[in-house]
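Colleague: Assemble the dimeric complex from its two separately framed chains, guided by the hints.
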Amino acid sequence: MGDLKLTKLNKSFGAVAALNDVNLEIDNGEFVVFVGPSGCGKSTLLRIIAGLEDITSGSIAIGGRNVGALSPAERKIAMVFQSYALYPHMSVRKNLAFGLENLKFKRAEIEARIAEAARMLAIEPYLDRKPRQLSGGQRQRVAIGRAIVREPAIFLFDEPLSNLDAALRVQTRAEITKLHRQMKTTMIYVTHDQVEAMTMADKIVVLRAGRIEQVGTPLELFEHPRNLFVAGFLGSPRMNILRGKVVIGDDHSVFVDVGYPALLRTAADPASVSAGQEVLAGVRPAHFALTDGEGLPFEVQYHESLGTETYVYGNFQGQAEQVIVHQPGHFAPTPGAVLKIMPEEGRLHVFDPANELALARRSEPREELR
Amino acid sequence: MIRSTGLADRAVDFAMALVEAPINAVERLIGKRRMPYLFLAPNLVLFGIFTFLPIAIAVGYAFTGGTELLISNRPFVGLDNFRKLLSCADYLTPGSCGESLFWTAIWNTLWFVGFNVVATLLVALITALILNRAIAARGFFRAMFFYPVLLSPVVIGLIWKWFLDRNGLLNAFLQMLGVPPEIFLLDVGWSRFFVVVVSVWFHMGFYTLILLAGLQAIPKDLYEAAAIDAATPSRTLFRITLPLLGPNLLVVLILLMIRSVQIFDEAWVLTNGGGPGTANTFLVQYIYQTAFAGDLRLFGLAAAASVLMGLVLLVLTLAQLRLGKKVES
Numbered sequence: 001m002g003d004l005k006l007t008k009l010n011k012s013f014g015a016v017a018a019l020n021d022v023n024l025e026i027d028n029g030e031f032v033v034f035v036g037p038s039g040c041g042k043s044t045l046l047r048i049i050a051g052l053e054d055i056t057s058g059s060i061a062i063g064g065r066n067v068g069a070l071s072p073a074e075r076k077i078a079m080v081f082q083s084y085a086l087y088p089h090m091s092v093r094k095n096l097a098f099g100l101e102n103l104k105f106k107r108a109e110i111e112a113r114i115a116e117a118a119r120m121l122a123i124e125p126y127l128d129r130k131p132r133q134l135s136g137g138q139r140q141r142v143a144i145g146r147a148i149v150r151e152p153a154i155f156l157f158d159e160p161l162s163n164l165d166a167a168l169r170v171q172t173r174a175e176i177t178k179l180h181r182q183m184k185t186t187m188i189y190v191t192h193d194q195v196e197a198m199t200m201a202d203k204i205v206v207l208r209a210g211r212i213e214q215v216g217t218p219l220e221l222f223e224h225p226r227n228l229f230v231a232g233f234l235g236s237p238r239m240n241i242l243r244g245k246v247v248i249g250d251d252h253s254v255f256v257d258v259g260y261p262a263l264l265r266t267a268a269d270p271a272s273v274s275a276g277q278e279v280l281a282g283v284r285p286a287h288f289a290l291t292d293g294e295g296l297p298f299e300v301q302y303h304e305s306l307g308t309e310t311y312v313y314g315n316f317q318g319q320a321e322q323v324i325v326h327q328p329g330h331f332a333p334t335p336g337a338v339l340k341i342m343p344e345e346g347r348l349h350v351f352d353p354a355n356e357l358a359l360a361r362r363s364e365p366r367e368e369l370r
Numbered sequence: 001m002i003r004s005t006g007l008a009d010r011a012v013d014f015a016m017a018l019v020e021a022p023i024n025a026v027e028r029l030i031g032k033r034r035m036p037y038l039f040l041a042p043n044l045v046l047f048g049i050f051t052f053l054p055i056a057i058a059v060g061y062a063f064t065g066g067t068e069l070l071i072s073n074r075p076f077v078g079l080d081n082f083r084k085l086l087s088c089a090d091y092l093t094p095g096s097c098g099e100s101l102f103w104t105a106i107w108n109t110l111w112f113v114g115f116n117v118v119a120t121l122l123v124a125l126i127t128a129l130i131l132n133r134a135i136a137a138r139g140f141f142r143a144m145f146f147y148p149v150l151l152s153p154v155v156i157g158l159i160w161k162w163f164l165d166r167n168g169l170l171n172a173f174l175q176m177l178g179v180p181p182e183i184f185l186l187d188v189g190w191s192r193f194f195v196v197v198v199s200v201w202f203h204m205g206f207y208t209l210i211l212l213a214g215l216q217a218i219p220k221d222l223y224e225a226a227a228i229d230a231a232t233p234s235r236t237l238f239r240i241t242l243p244l245l246g247p248n249l250l251v252v253l254i255l256l257m258i259r260s261v262q263i264f265d266e267a268w269v270l271t272n273g274g275g276p277g278t279a280n281t282f283l284v285q286y287i288y289q290t291a292f293a294g295d296l297r298l299f300g301l302a303a304a305a306s307v308l309m310g311l312v313l314l315v316l317t318l319a320q321l322r323l324g325k326k327v328e329s
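Listed in order, the protein sequences are those of chains A and B. No gaps in the numbering here: position 318 of the first sequence is 318 in our numbering, and each next residue is one more. No gaps in the numbering here: position 68 of the second sequence is 68 in our numbering, and each next residue is one more.
Hints were generated in silico from the structure; no laboratory data involved. Treat the hints loosely; a few may be bogus.
[As the list claims (entries may be wrong)] Pair ranges (Cβ atoms, derived):
{"hint": "1", "chain 1": "A", "residue 1": "Leu103", "chain 2": "B", "residue 2": "Leu242", "range": "54 to 64 Å"}
{"hint": "2", "chain 1": "A", "residue 1": "Leu103", "chain 2": "B", "residue 2": "Leu321", "range": "31 to 41 Å"}
{"hint": "3", "chain 1": "A", "residue 1": "Leu103", "chain 2": "B", "residue 2": "Lys220", "range": "14 to 24 Å"}
{"hint": "4", "chain 1": "B", "residue 1": "Ile218", "chain 2": "A", "residue 2": "Asp21", "range": "32 to 42 Å"}
{"hint": "5", "chain 1": "A", "residue 1": "Pro88", "chain 2": "B", "residue 2": "Gly60", "range": "42 to 52 Å"}
{"hint": "6", "chain 1": "B", "residue 1": "Gly48", "chain 2": "A", "residue 2": "Pro125", "range": "15 to 25 Å"}
{"hint": "7", "chain 1": "B", "residue 1": "Lys220", "chain 2": "A", "residue 2": "Gly136", "range": "19 to 29 Å"}
{"hint": "8", "chain 1": "B", "residue 1": "Leu321", "chain 2": "A", "residue 2": "Pro88", "range": "39 to 49 Å"}
{"hint": "9", "chain 1": "B", "residue 1": "Ser234", "chain 2": "A", "residue 2": "Ser38", "range": "51 to 61 Å"}
{"hint": "10", "chain 1": "B", "residue 1": "Gly48", "chain 2": "A", "residue 2": "Phe13", "range": "49 to 59 Å"}
{"hint": "11", "chain 1": "A", "residue 1": "Lys5", "chain 2": "B", "residue 2": "Ile218", "range": "52 to 62 Å"}
{"hint": "12", "chain 1": "B", "residue 1": "Leu242", "chain 2": "A", "residue 2": "Ser162", "range": "26 to 36 Å"}
{"hint": "13", "chain 1": "B", "residue 1": "Arg10", "chain 2": "A", "residue 2": "Pro88", "range": "42 to 52 Å"}
[Said to hold, decoys possible] PhoX-like, lysine-lysine: derived pairs with alpha carbons at most 20 Å apart:
{"hint": "14", "chain 1": "A", "residue 1": "Lys106", "chain 2": "A", "residue 2": "Lys130"}
{"hint": "15", "chain 1": "A", "residue 1": "Lys130", "chain 2": "B", "residue 2": "Lys325"}
{"hint": "16", "chain 1": "A", "residue 1": "Lys5", "chain 2": "A", "residue 2": "Lys184"}
{"hint": "17", "chain 1": "A", "residue 1": "Lys203", "chain 2": "A", "residue 2": "Lys5"}
{"hint": "18", "chain 1": "A", "residue 1": "Lys104", "chain 2": "A", "residue 2": "Lys94"}
{"hint": "19", "chain 1": "B", "residue 1": "Lys326", "chain 2": "A", "residue 2": "Lys130"}
[Said to hold, decoys possible] A few chain A residues that don't get close to chain B, going by computed Cβ distances all over 12 Å:
{"hint": "20", "residue": "Asn23"}
{"hint": "21", "residue": "Glu53"}
{"hint": "22", "residue": "Glu74"}
{"hint": "23", "residue": "Leu134"}
{"hint": "24", "residue": "Asp158"}
{"hint": "25", "residue": "His192"}
{"hint": "26", "residue": "Gly249"}
{"hint": "27", "residue": "Gln322"}
{"hint": "28", "residue": "Phe331"}
Think of the CB as a built atom: it goes at the ideal place given N, C-alpha and C, for glycine as much as any other residue.
The following block holds chain B by itself, in its conformation from the complex (with noise of 0.2 Å):
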């Protein structure tokens, strides 16, 4: 037993006493090497509840038809959904698939995610360079970056909304330097770089600070070395602060894919339901209304377009960890 003076020491020792013999006689009971299981219960109960369940349920109803809720209910239909996702005279044609907004859905949502992708690691980037560098009011830049993270998606949504409607804030903007007035959010074009300017926006706290933490884990004696080594500042960069930021830039890239490739609350409130027609309209926005919001609720297909996102997730995820460990060795 530790000997412990403080009153806060003392109370731990009594906790410790209390529970020692209980565990002592689990752990007879049990056997020493299931012990850790244990202690994991409690969390893997929680996730088995609210994360594998769900996910074996959805497995489950992808392979059902019909518009009832109830799995007992609904008629096995095998693969049927996913043929119906999957058969296409021509993918890059969406027109010519059987269920043709699904491929509409995912046709925006990869331009998405390339824009998306780039412009965010860019933009995180460069903002953490900056934030790394000693510049005034540092502590201030780094948390107005960060700020947008803590807001709703809704409200994001929202305040964006207001910015570009025919009598937002941009168009009057716009009308003050003589610039005719723009419905930005009825155009393809512009609602589709807005909808990346606002993922942009709402996103690249988070991923600054990840960078920013790597920044600062690079040792100031490496630069001082570079600089005596004569290295120009983009030398340094490229040979220097990039290769060693290359684990925070991987799992920035993991994060930033996967979370692009969910893209739906703030785009739907944004574009009002993913318009112009479906412009705007995403992979987890077609899920959303085949399941919940049209005419008809079919979950089954709603599931079964769960099930292959899910997969092409999890295929993107195994990819990239693999190249990170072939960056890291």
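The following block holds chain A by itself, in its conformation from the complex (with noise of 0.2 Å):
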């Protein structure tokens, strides 16, 4: 049914690759995201799913089905624009209407399937309106319901959510989700903003130019990016990075020296770094913690307070590069004040720079995630 298989797929508009040896299988009635910054290739590669672009090597398999060279109607997907590309000339009913029209369906059954969609999406009192007529967050159900009545095997969103204003795009987010808990069809979706792919996704698939450089759901990604971009980019604010030394302790343990007396416990594995080994250690600001013990000198620039939450900007003693510290609540220390900070246990990240690989972590159980 809605399940895709794509193999060695590579794309590219002249010169320039687009895409670059994309390999990746969604099961069934999966919520998958593709998130990654502008010119990524997200929205191309969602485009050749849907048969708008030609690929320049590799298959693609809706279904166990071979649709490489399947046109866009053939392929059992539906699509919802950005721009929602509703038909400004017919009214909202038609605009349901259409496709099924061109598919030859019965009367009675398109009247069917667009009185079940209209009245999922609460859009009945708009039927026989045009889309000028309607509100940003109205043409968007409009555009999810011309895909809903098509009863396609894989739903595909291109950024649906980028023209609605932030409550609009929040309400619509969940809704897209509980559409999905009921249709339980294969959904795909594009976006930028990695709030929504944490938020929705049962898979995420991060890419960077042309290339997939993780799939995993959004809890693995943020707990294990498999490298320096992942980690960067899932997490807001942004991973701290700081640099340093391997030192490997009496027990065997790595830890890494970021040119300060505390030293930072890490979860790699022994056998795959070795003693002074420059690494990049990656803390993200909700994971450090202040302590009264041994800590790094973090010396406070500023703070923005937003009521139940607070985020300290600072750097370490010494060092230039910005730091920044998540503390719940309300929290504000003096600005030049220097506060001892660790990162929690088992939350270092620690990346090889000359790779940007995360390192591999010892494969004992870590209960301190639970």
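Modeller: Structure below.
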């Protein structure tokens, strides 16, 4: 049905490679989010799945059937466009009916499907209006409705929320998630917004420069980013990155020395590193804890208090790079104050600066994350 | 006062400062509400002299008789000119009319308008649809189809006359194929056919341009949505492209109709003055001949015919504009 398999997919526009050797499997019923910065190829990948772009090489199969040579209409997909792409001269009803009429559905069946979709999306009152008489949110629903009536094997969403205001975006996000739970159909959703990716996805696919950087559940990607790019892309504010050197402890634990007496304990596999090796240590702002004991000297510059939480901006003493520390609740350190902070247990990420990959972890279970 | 730094900006500021005082003075004198008309005045004066005044004079002439040029020397004849033009035993038979050439010209013009509007619209639309695709050398073709629009009608008439003459290019070509030569411009059917062909060739570039602009304003993702919606090319054309091109098609239809009714110069040159016989004598040519080219210069009759033609164009335009509003809503 709605499972998708991309094998060795390549796409270039002239001399520019847009997608590079993309391999991906999506199971029936999954909600998959393609995320990445502008120009990473996520929209191109979606359009290739839709059949709106040709592939340069590789294969693409939907429901076990190779669809590479099929037209968009034959692929059993439906797409919700960023601009909604509603037919401006047709009423909402006709917008929904158009695809079914093209497929020569019976009138009664068309009416039934429109009624069902309209009820599901609460757009019944607008069925006889033209798109320009609707608000952005209503148009969005109609665009989703046009996809629903087709009863596709896969729904494709191309940044569908980017034209909505912030409040509506949060609401629609929840509605799309709810829709997915009701319909249990495969959905592929493209966004550059990591919050949408984290909150909606069963599976996130992070892309950069036409390559898949990592595939996994939101939590997997958040807790075990495969490389520096994924670590920096997911999570806001960004992960703090410190330069350091490997120190092997007496118990064969791997520590990172970032230039202060306090050493940072890591979960890295001692077999994969050598003492003195240069590494990059990553700590998310929320994973720094204030400590009374040994800690890194964090000099406060200023803070942003959001009431329920506080972001403190500063730097480690003697270093120029900005470091962000998150604290729950209201917290108001004086500028210039030096705080002692340490990464929470098991929250330190270590990367090899040469290839930016995360270092292998020890295979023992890490209770601290549970 | 807006602060500006560049030399050009300072020059503008200086000019503004120069006119500000007199403009303020005028505004105090005539009041703010009359100011727009002051700014419109230069254009209105030119329009008045070269458009509205000639219309008024023509209407005046339409109610006078005789052959004198100066209106002060012309006798007032009331509706006589109109009566003469419109008196007909059977309107379908020009010979039964008081002014038979007028009715010949009217029927010729109506037939021409019918064929020319349909042919030009179709050719321009098809050309625009093709040029809107990503074909090779698109810019070259766009320029090429527009190029005839830049030529003078007389030049167009002459070029095609050479092409269609007894010893013209087309006959030379036909002879090469073993087809006996045809004197196209002396045959009623062929000459009428080629008047339409020449008119289409001459004007289509302009209408193609308008339609092309409309086509390019249709968002690309509508076509992608239609592709996903399983619309066939013909359904995409009739259900997406043409409806969205509606406003442009209407503009083209109005302009095309008006300009078809006005057919004169290129046809006059091509057909040696409306021939064979009166087969290609159109309304404007009738007006021209009646007023300026006949033995008797019947300015009054010609003016009356002009007024009638103007009224028809006015009705056509208003009807189409009303239709356009209905289409849009």
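Colleague: The structure should be examined with respect to each hint, and the outcome stated for every one.
Modeller: Each hint, compared with the structure:
Taking the beta carbon of each, A:Leu103 and B:Leu242 are about 21 Å apart, not inside 54 to 64 Å as hinted. Distance hint check for A:Leu103 and B:Leu321: the Cβ-Cβ separation is about 39 Å, which falls inside the suggested range of 31 to 41 Å. Checking the proposed 14 to 24 Å range against A:Leu103 and B:Lys220 shows it holds: the Cβ atoms sit about 23 Å from each other. Between B:Ile218 and A:Asp21 the C-beta distance comes to about 36 Å, which sits within the given range of 32 to 42 Å.
For the pair A:Pro88 and B:Gly60, the supplied restraint of 42 to 52 Å holds, since their beta-carbon distance comes to about 49 Å. For B:Gly48 and A:Pro125, the Cβ-Cβ distance of about 54 Å falls outside the hinted range of 15 to 25 Å, so the restraint is violated. Distance hint check for B:Lys220 and A:Gly136: the Cβ-Cβ separation is about 20 Å, which falls inside the suggested range of 19 to 29 Å. The hint said 39 to 49 Å for the Cβ distance between B:Leu321 and A:Pro88, and at roughly 22 Å that hint is violated.
Evaluation of the 51 to 61 Å hint for B:Ser234 and A:Ser38 yields a failure: the beta carbon distance comes to about 37 Å. A C-beta distance of roughly 58 Å is found between B:Gly48 and A:Phe13, which places it inside the suggested range of 49 to 59 Å. Separation of A:Lys5 from B:Ile218 is about 35 Å and departs from the stated range, judged on CB atoms against 52 to 62 Å. About 31 Å separates the C-beta atoms of B:Leu242 and A:Ser162, a value consistent with the hinted range of 26 to 36 Å.
Checked against the hint of 42 to 52 Å, the C-beta distance between B:Arg10 and A:Pro88 comes to roughly 46 Å, which is consistent with it. Only pairs whose Cα atoms come within 20 Å are accepted, and A:Lys106 paired with A:Lys130 is rejected, the gap being roughly 24 Å. For the given pair, A:Lys130 sits about 16 Å from B:Lys325 by alpha-carbon distance, which is consistent with the 20 Å threshold. Of the pairs offered as hints, the one joining A:Lys5 and A:Lys184 holds, with about 18 Å between alpha carbons and a cut-off of 20 Å not exceeded.
Under the criterion of a C-alpha separation no larger than 20 Å, the hint pairing A:Lys203 with A:Lys5 is consistent with the structure, at around 14 Å. For the suggested pair A:Lys104 and A:Lys94, the alpha carbons sit about 14 Å apart, so the restraint of at most 20 Å is met. Our distance criterion of 20 Å between C-alpha atoms is met by B:Lys326 and A:Lys130, whose separation comes to about 15 Å. For A:Asn23, the shortest C-beta to C-beta distance to chain B comes to about 25 Å, beyond the 12 Å cut-off, and the non-interface label holds.
Not every beta carbon of chain B lies more than 12 Å from that of A:Glu53, the smallest distance being close to 10 Å; the non-interface claim is violated. Not every CB of chain B lies more than 12 Å from the CB of A:Glu74, the least distance being 8 Å, so the non-interface label is violated. Even its closest Cβ contact with chain B, about 16 Å, leaves A:Leu134 beyond 12 Å, as expected for a residue assigned away from the interface. The Cβ of A:Asp158 does not lie farther than 12 Å from every Cβ of chain B; its closest approach is about 9 Å, which violates its non-interface assignment.
Even its closest Cβ contact with chain B, about 18 Å, leaves A:His192 beyond 12 Å, as expected for a residue assigned away from the interface. Residue placement check: A:Gly249 keeps its beta carbon more than 12 Å from all beta carbons of chain B (closest about 58 Å). Every beta carbon of chain B lies more than 12 Å from that of A:Gln322, the smallest distance being close to 36 Å; the non-interface claim holds. Every CB of chain B lies more than 12 Å from the CB of A:Phe331, the least distance being 45 Å, so the non-interface label holds.
The structure fails hints 1, 6, 8, 9, 11, 14, 21, 22 and 24 (numbered hints given earlier, in ascending order).
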